[in-house]
Amino acid sequence: MLLRRLGLGVLALLAVGAVAVAAGPRSGLLLAIGIGFGLVLEGLRFGFAGPWRMMIVERDGRGLIAQILAIALTAAVAFPLLAANPLELAPAHAPIGIGMILGAFVFGAAMQAVMGCGSGTLVNAGSGNLIGLVALVGFVGGAFLGTLNADFWAGLGQAPLISAQSLAGGGIPGLWLTLGALAVFAAVVAVTSAKGKRIPAPRLIAAAALLAVLAIGNLVVAGQPWGIVYGLGLWGAKVATAMGADLSTTAYWATTTNAAQLNAPILTDNTSLTDIGLILGAFLVMRGRKAPGAPVAPLALQGWVLVLIAGLVLGYSSRVALGCNVGAFFSGISTGSLHGWAWFVAAFVGSMLGLKLRPLVLIPARKAVTA
Amino acid sequence: MSRPLVSLIALVAVAGLLVWDSAATGLPDPFDFPAPVALGSGAAPTGGHCTAG
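Chains as they are written, first to last, in this note's numbering: chain A, 1 to 371; chain B, 372 to 424.
One chain only, chain A, in its complex shape (with noise of 0.2 Å):
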């Protein structure tokens, strides 16, 4: 067993070297920072679907005060780093909207359906979960798809953009503007919850404090937060482009950061390597434990294309919405953005319907053959 664990570290060195040689030391650096988010998020089970889900059928609040926990700590730095540093580290701020909120909406009922939110997504992927590698499959091409129309659902309708540095000042005043929402969104999960889940585990306390910690080395390293969706999106327009698509004809991949981009190696975007590194740290802890656990239960043939739609809707509206759980509610909370809180609200009642579509996406194979 140790000898396997070393084994799969000097795997993971290789991997950050090899990215270091090949796209410089700042690509290898956001790998090994993506890893150590795959390796907190298996290895400590903190995740965001399953908690909300938890939280809604069982009011069991301890997973959602463990994400909020994380958001303060990473807030707490990130705050005075953006002030001082406004020219070098950018934000996670958007502008609310209805194509925004109603994106957040499906995709709160998309990642019930699947159990996988953004991150989620990876980590079961790379933790050898076959529903999360189909719905992987599906979130990239939905979130290359939600590319095209994002003008079309930014054009519904959108506020000015607010963010708690716009509300309340910039550095320490904004920072105490969002720590005091989350202090109070703490107390409401808190007192909403049934008696004795209300305090996170040590494990989910522990996994919050290293999550903050790795936001900030990828707000420090990168210059922008923690995002899941921006790569996936990335990938697959560069399949399409390899597949004949002309791009530069749209309104999204048409800007200068979106076109260079496109036209760089995978190897230098942000939120692909981190990306990547979440599947690879997933496949860490799930090689490095005793047993890798039971593959998930077969579906049946229209199971599987039902994850595969899901994942296609996941992807679409995590687009839409500008961010998933990370790019939207985790970095855009942390970094000061309004729309944080609107995409949790959003995704959170969306997540109350995905939580009943769930048994009509995820068909047993045995259902289908008595049916």
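Don't read these hints as lab results, they were simulated from the structure.
None of these values were measured; they are calculated from a predicted model.
Among the clues, some could well be false.
Label-pair ranges, simulated between beta-carbon atoms [said to hold, decoys possible]:
no.	chain 1	residue 1	chain 2	residue 2	range
1	A	Gly244	B	Asp400	37 to 47 Å
2	A	Thr255	B	Phe404	30 to 40 Å
3	B	Thr396	A	Val191	25 to 35 Å
4	B	Thr396	A	Thr255	17 to 27 Å
5	A	Lys195	B	Leu379	39 to 49 Å
6	A	Ala76	B	Ala406	23 to 33 Å
7	A	Gly50	B	Asp400	38 to 48 Å
8	A	Ala260	B	Pro401	12 to 22 Å
9	B	Ala406	A	Lys195	44 to 54 Å
10	A	Lys290	B	Pro407	12 to 22 Å
Glycine is no exception: its CB is placed at the ideal position from the N, C-alpha and C atoms.
For chain A, the structure is supplied; the task is to place chain B on it using the hints.
Structure of chain B alone, referenced to chain A:
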């Protein structure tokens, strides 16, 4: 399918994507690598992000 096999498929697919992409677009010029850490580099962040519409 077992978990190790599924995760292996995922890793091979990602590795394949990176190899194909690197062959198609080329690797960055080593003399043009960005600073290892954005903070303190004096350069504005240039990458795309999920929150940018």
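So, going through the hints one by one against the coordinates:
no.	hint	in the structure
1	Gly244/A with Asp400/B: 37 to 47 Å	violated, 28 Å
2	Thr255/A with Phe404/B: 30 to 40 Å	violated, 24 Å
3	Thr396/B with Val191/A: 25 to 35 Å	violated, 52 Å
4	Thr396/B with Thr255/A: 17 to 27 Å	holds, 18 Å
5	Lys195/A with Leu379/B: 39 to 49 Å	holds, 44 Å
6	Ala76/A with Ala406/B: 23 to 33 Å	holds, 25 Å
7	Gly50/A with Asp400/B: 38 to 48 Å	holds, 43 Å
8	Ala260/A with Pro401/B: 12 to 22 Å	holds, 19 Å
9	Ala406/B with Lys195/A: 44 to 54 Å	holds, 52 Å
10	Lys290/A with Pro407/B: 12 to 22 Å	violated, 37 Å
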